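Student: Protein chains in written order, with UniProt numbering: chain A, 1 to 113; chain B, 1 to 145.
None of these hints come from the bench; they were simulated from the model.
Keep in mind the model is a prediction, meaning the values are calculated, not measured.
Mixed in with the good hints, there may be bad ones.
[Said to hold, decoys possible] Computed, partial: chain B to chain A, Cβ under 7 Å:
| hint | residue |
| --- | --- |
| 1 | V15 |
| 2 | E45 |
| 3 | E107 |
| 4 | M108 |
| 5 | G109 |
| 6 | T137 |
[Claimed, not checked] Here are a few chain B residues that sit away from chain A, every Cβ distance over 12 Å (derived from the structure):
| hint | residue |
| --- | --- |
| 7 | R27 |
| 8 | T60 |
| 9 | E69 |
| 10 | D70 |
[Stated by the list, open to error] If you want the footprint, here are the derived chain B segments under chain A, 3+ residues with CB under 8 Å:
| hint | segment |
| --- | --- |
| 11 | 36–42 |
| 12 | 111–118 |
Backbone N, C-alpha and C fix where the C-beta goes; we use that ideal spot for every residue, glycine too.
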Amino acid sequence: MDLSLSTRTVGDRTVVEVGGEIDVYTAPKLREQLVELVNDGNFHLVVDMEGVDFLDSTGLGVLVGGLKRVRAHEGSLRLVCNQEHILKIFRITGLTKVFPIHTSVEEAVAATD
Amino acid sequence: MATVELRFSALPEHVRTARLVAAAVARRAGVDEAVLDEVRLAVGEACSRAVGLHQSVGITAPVKVALIEDEKLFSIEVGDEAPHAVPAERVAGGASADADVEAEEDEMGLAVISGLVDDVEVTTSENGGLIRMSWPTVQPPTVVI
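Sequences and hints are given; from them, build the entire structure.
Tutor: Structural data, given as C-alpha cells:
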C-alpha cells in the first residue's frame with residue numbers, strides 16, 4: 001500500500017490525515033507535505049496516524065523534522081495514534097517524550113499545553 | 001543454504017518487497033505471530049540502511065537478504081557492499097554536515113533494530129556490512145486428523 005495524505009483545517013489547527021505505509025520510499029512525500037504546510041504559514045499541525053499501517057525510522061525522522069520546523073515559528077506538532085505497534089516505535093526511540101501523542105483528533109485539536 | 005534469498009537493486013521502492021517476503025517466510029518458519037510486526041520493521045530498517053549506504057557511495061551492486069530457517073531459530077541477514085570507514089578515518093576526514101545527517105539517520109535505524117531484536121549482530125569491514133537478526137521459532141501444533 002502506498003501513502004495517502006489529506007489535510008483539513010480545524011480552527012487554528014491543520015489536521016494531516018496519513019494513511020498507508022510511511023517508509024524509506026514514501027516518507028519524502030510526507031516531508032514535502034509538512035514543509036509546504038509550514039511554508040504556507042500553518043504552524044499548528046495535528047498528524048492523524050490512525051490510518052498508518054507501517055512506520056519506520058525514516059518516517060520518524062520526517063516527523064522530527066516537521067516538529068523542528070513548526071517550533072521555529074513557535075508552533076506545535078501533535079500526533080494522534082492508538083495503534084500499539086506504531087506507539088512501540090516511538091517508545092523504543094524515546095520519542096514519546098518529544099511528541100504529544102493523543103488518542104483522538106478532537107483531543108489533539110483542543111490541547112493547548 | 002538460506003531458505004530464501006533475495007537480491008534487489010538499491011532503491012527505496014524495493015524495501016517494501018523485502019519486508020513482505022521476510023514476514024511471509026518468517027510466518028512459515030514458525031515465528032510467533034505476535035513478533036511478525038517486529039520482523040517486518042527490523043528487516044525494513046536493515047534494508048533501508050543498506051540502500052542508503054549503497055546510494056551514498058554510488059554502488060550499483062544489489063542489496064542481499066538471506067532468510068534462514070534453522071531448527072529452533074529463524075534468522076535474517078542483510079548484507080551491503082558499502083565500504084565502512086573505521087571511526088578514526090571518519091574523524092580524520094572531517095565529516096561534512098551532510099555526512100553527519102546521514103550518520104544520524106543510520107544510527108536511528110540501528111537504534112530501532114537493537115530496540116526491537118534481542119539477538120542481533122552487526123559486522124562491518126572495508127568490503128561491506130552485515131546485519132544478522134534472529135528470532136526463536138515455535139513448534140507448529142500437531143495436526144490431529
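Student: Now, for every hint given, state plainly whether the structure supports it.
Tutor: Status of each hint after checking the structure:
{"no.": "1", "hint": "V15", "result": "holds (5 Å)"}
{"no.": "2", "hint": "E45", "result": "holds (6 Å)"}
{"no.": "3", "hint": "E107", "result": "violated (9 Å)"}
{"no.": "4", "hint": "M108", "result": "holds (4 Å)"}
{"no.": "5", "hint": "G109", "result": "holds (5 Å)"}
{"no.": "6", "hint": "T137", "result": "violated (20 Å)"}
{"no.": "7", "hint": "R27", "result": "holds (16 Å)"}
{"no.": "8", "hint": "T60", "result": "holds (18 Å)"}
{"no.": "9", "hint": "E69", "result": "holds (24 Å)"}
{"no.": "10", "hint": "D70", "result": "holds (26 Å)"}
{"no.": "11", "hint": "36–42", "result": "holds (count 3)"}
{"no.": "12", "hint": "111–118", "result": "holds (count 4)"}
Comparing the model with each earlier hint shows violations of hints 3 and 6; every other hint is respected.
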